[in-house]
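The task is simple: from the sequences and hints, build the whole structure.
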Amino acid sequence: MKTLITLKVNGREWELAVEPNRTLVDVLRHDLQLTGTKRGCDLGECGSCTVVLNGKPVNSCLVLAVQANGAEILTIEGLAGPGGLHPLQQAFVEKGSIQCGFCTPGMILSATSLLEKNPNPTETEIRTALSGNLCRCTGYQKIVEAVQSVNKKEER
Amino acid sequence: MIEYSVVNTRAPRVDAPDKATGRAVYADDIRLPGMLYGAILHSPLSHAKILHIDTSSAKRMPGVKSVVTSQDAGLVKYGVSPARYDELLFCHDKVRYVGDEVAAVAAVDLETAMEALSLIKVDYEELPAVLSLEEAIAEGAPLVHDEYERNIGAHVHQEFGDVEAALAGCDVVRTDTFRNKRQDGAFIEPQACIAEFDPNGNLTLRSATQSPHYVQRTIAMVLGLSIGKVRVVKPYVGGGFGPKAAANAMEMAACLMSMKTGKPVKMGFTREEVFLHSRARHQFVHTLTTGVKKDGTLLALKNECYLEGGAYSSFGIATIYYAGSLLGGPYRLQNMKYDAYRVYTNKPACGAQRGHGGVIARAAWEQQLDRIAEEIGMDPVELRLKNMMEAGDVSCNDLKMNSLGMRECIEAVRDGSGWIEKKGKLPEGRGIGMACGFFVSGAGYPIYRSETYHATVSIHVNEDGGTVHVYTASAEIGQGSDTTFAMIAAETIGIPLDSVRISSGDTDFGIDLGAYSSRQTLMTGHATKEAAVDVRRQILGVLARELKVDISELDIKDGLIVFKHGRVDYSHVRTRYAKEHRGWTGLAKGRDPLTFQEAARIAYLARGTIIGRGKYKPAELGGSHKGAAVGTSPAYGCSAQVVEVSVDMETGKITVEKMTDAHDCGFAINRTSVEGQMQGSLSMG
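Chains as they are written, first to last, in my numbering: chain A, 1 to 156; chain R, 1 to 685.
The reader is advised that the hints may include incorrect statements.
Said to hold, decoys possible - Covered stretches of chain A (in silico footprint by chain R; criterion: 3 or more residues with CB under 8 Å from a CB of chain R, positions within the stretch not fixed):
(1) 3-12
(2) 36-44
(3) 62-74
(4) 91-102
Worth flagging that the hints you see were computed from the coordinates, not collected in a lab.
No experiment lies behind these values; they were computed from the predicted model shown.
Backbone N, C-alpha and C fix where the C-beta goes; we use that ideal spot for every residue, glycine too.
Have a look at this one:
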């Protein structure tokens, strides 16, 4: 039996009828066609499906869509403004923090959440905040550098 | 010194904005109208005879559109190297590991397909399995493949020089055995694909692959299609590291079911299936005997290696050679003996993974060299510098060092890490060590014996002159190859990077063996350069005739035509271009420099669409011994690392505190990308 839920995704309201066993990542990717949210393991290990749910980064493969009823969700598609890329996205582009790109949406959203709470994180705080997002290409170095560069810009 | 405008810079990657915003499309993001969802039935047993498969209930289930087994797929054997084609699309007589593919279903949605799988009844007769090297090679062990005694699927025996004689003349001889564990690539994107068979009999497969070309050939061979009817397209790929370099059964199952239903069929591995499929790094057991003189001169190496390879050969027939041949460099070594055995077991198949075959052998030998240094009381850095090859040297197994910055790498990490101040002087619980790396820049030969070009590239100049479009079948899998080739094209033609567009990863765009063995930049890079030179030659040729000057007087730089010896009147060319663009604003005018855009338009008017063509294949390489092809390369990359660690003296836990790395990759096309590759490889190992 399907359940009626409402989600506010990237500022837009959706009313959806979903089966109670469906996960948020599935509904985002399949029903809303927001395929920027990636599915890497479906087990909560890799972080590539990270979205920001009511201000907190979550693995959307571990959230049932019905649990997200009424929630506000930010996916990677909602991050860039009309003026262009979000400063973190820009930093990832410029610093060479992106290789295959599959971890990038989740990584950027986890970093966004960190900077919202803590605009001047230390390297250790950055690495801790991103520890749930696995990247196999970069060795994380340039990802950390990108996050650090954004907080430096804000200091100025 | 040549001044470059585009290459050797830190240009941002051309694909980065799409990847930063979620716009980049990966295989699992693709949906096609009317598509079906496929799933694979895997063997639950590691070794068993298939007595009977009953698909009737699954076929009757509403929503199921296709159920296929070996009865439908046929019995064409495939693999990676024709020397060891040992796989079938679906198992026929027996299953050889937990995960072996038995059947597949396509249905209107994934849930239906999964449920239908549970309705397929397979009667197995379980067989004893071999799950370790030792079990598999024991006398009388059950055979994974009947034709390979003691489960030895491949063996290699090579000797260069006279190892026993050399060892007899050594002051110190050490023998050590090293064993690694199997490793998985653990790329973040699971394999996924979508196959579409159209009413004209053309098959298009979009797949997360490192080699559209090898997938195209394998599918055509297994499914009995002509190569020209099979198109393989690689969307963005979320990492590969080797295991995505060969065709997999899922890709072929999707194609087969699309052919049967006339509908697109989409399939994807779960993470569990990624590990079951594996095709990643082997387990190697190396027993190394090395002999040196008291002064540290390396004289001989005896390398005996057993590779635990799982149920099928995959890339293993090349891996077994690499695990020997690549120890031929970067040290001067006149005597080398290699005896190796690749052993089948009832486990997921191993294949190529980052540093194919060379990594574990290298790690083992470098550790042994440290022990030897200690025995003879020599600094490990000095031992390596003493034996280092240099550009122009040829190894005892005929690997030619056309260029080799090994010495510079070692000196850089020695000085950059503070080695001299730290070695032997750190407090208890801290340590410092060093090792060198050495690998091909592309394999000298394709994995199937062929005289094929390894890469062909074409560059189409937009008829209006504004942009050029690079077409290549190469595989951008995250390493940055699209950006590299766009930069090479821009630099060679003499135009800005944003005047270059690139389309890649599509077998319709030419031949390219794909992304493996560190080959794309060198091989496809050369083909791109040749195509760009061709574009330049054609455009400047027309312009020279128009302006009645010699072509050698003309150059292109930063998108503008340069006259090497003073001004030439080009007003009629400009006027012609302007007449083609009546009503347009922003055109170059008056005495503004003549642009590439104007020249390219004039060339088009004279010759039609300007297409530059490039191709690359290495010159004939290697010696004449059996297996000489594997390990050859037009160039070798080398690296040196110093690592500092701390050890928790209570628990033994080791923490890497600092790594210092130097790598000779040749000329860095994109400096940021090279750093990214170095950091990534240090992190992965």
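Hints versus structure:
no.: 1; hint: 3-12; in the structure: violated (count 0)
no.: 2; hint: 36-44; in the structure: holds (count 8)
no.: 3; hint: 62-74; in the structure: violated (count 0)
no.: 4; hint: 91-102; in the structure: holds (count 10)
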